[in-house]
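**Q** Spelled out from the first residue to the last, the chains are:
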Amino acid sequence: MSTRIGVVTFPGSLDDHDALRAVRQVGATPVPLWHAHDGLDGVDALILPGGFSYGDYLRCGAIARFAPLMGEVIKAAGQGLPVLGICNGFQVLCESHLLPGALIRNAGLRFVCKDQRLRVETRDTVWTSQYEPGQEITLVLKNGEGSYVADAETLARLEGEDQVVFRYLGNPNGSANDIAGITNERGNVVGLMPHPEHNVDPLTGPNTDGTTFLTSVISHVQALV
Amino acid sequence: MARVVVDVMPKPEILDPQGKAVTGALGRLGFEGLSVRQGKRFEVEVTGEVTEERLEQIRQAAEKLFANTVIETFSVRIEDVSTGSTDGSA
Chain A
-13 MSTRIGVVTF
-3 PGSLDDHDAL
7 RAVRQVGATP
17 VPLWHAHDGL
27 DGVDALILPG
37 GFSYGDYLRC
47 GAIARFAPLM
57 GEVIKAAGQG
67 LPVLGICNGF
77 QVLCESHLLP
87 GALIRNAGLR
97 FVCKDQRLRV
107 ETRDTVWTSQ
117 YEPGQEITLV
127 LKNGEGSYVA
137 DAETLARLEG
147 EDQVVFRYLG
157 NPNGSANDIA
167 GITNERGNVV
177 GLMPHPEHNV
187 DPLTGPNTDG
197 TTFLTSVISH
207 VQALV
Chain B
102 MARVVVDVMP
112 KPEILDPQGK
122 AVTGALGRLG
132 FEGLSVRQGK
142 RFEVEVTGEV
152 TEERLEQIRQ
162 AAEKLFANTV
172 IETFSVRIED
182 VSTGSTDGSA
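Chains as they are written, first to last, in the numbering used here: chain A, -13 to 211; chain B, 102 to 191.
I should point out that these hints are in silico values taken from the structure, not numbers from a laboratory.
None of the values given here were measured: they were computed from a predicted structure.
Don't take every hint at face value.
Unchecked claim - Computed list of lysine to aspartate or glutamate pairs in DMTMM-like fashion (alpha-carbon distance at most 20 Å, straight line):
#1 B:Lys141 <-> A:Asp42
#2 B:Lys121 <-> B:Glu133
#3 B:Lys165 <-> A:Asp42
Let's have the full structure, built from the sequences with the hints guiding it.
**A** The structure is reproduced here in structure tokens:
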């Protein structure tokens, strides 16, 4: 059976359709989920996409975090559902405390838009299991508030427990420890600022380095059944 | 109608790139020796009297929504609407 991957649309989401298309591209079934929907429709995995939910008012992701569907997302993530937060989705995961730390305005105050080199620091997550250890990849990065911060104790824990998933090669925004993406203790919730869903098709991206996120999670889901 | 003000500031150890940019602009304008950190102010209009219970409710709202306590601190105080001056802090 084809893996069903949900993509949540908040008011102001921007890359939800790119994420749905990426899911289709790898042969899984995309399931669009409106933020006010009352359930997750039995999806096997879930993506919180990029964009500017609620206009980034208050703080990025702060209002989306209280969207009706987020209660379900937090519950399901706690039960092991694979959840990927991309850019604004990462900000929502941090605001929801599904991931530690926070994302603040880029050092230098510029909106950064570029093809960003990254190193895959751990394959011990359901979204990165099929990368090579230490593999260097390039993904689209585009945000104004992507500087990852956390207190010293949290950073030490992330480093010590192998929860840093991606590191920037050439820090573009002042993120602590060059962190581009992290995971929770269980490895089912991953958040990152770069956009794997933009790197799945040679027609529209510089490479297909982002496809492995989806093939990793599909192989995880298929292994469960 | 009473007003409660919630001030939210980035924690001292958190880099404040906006405050830094404003500080730089002040220097260029000739305002010497001034350093700025930038935060947010929320004015909460309260129906009825501001009781300790109401204040506690607003503190909870600040903790949950107005501030992200991973990166920010907040303070809650009652503002005298008639004069615009503040009346103690909490």
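**Q** With reference to the structure, classify each hint as holding or not holding.
**A** Hints and how they fare:
{"no.": "1", "hint": "B:Lys141 <-> A:Asp42", "result": "holds (15 Å)"}
{"no.": "2", "hint": "B:Lys121 <-> B:Glu133", "result": "holds (14 Å)"}
{"no.": "3", "hint": "B:Lys165 <-> A:Asp42", "result": "holds (17 Å)"}
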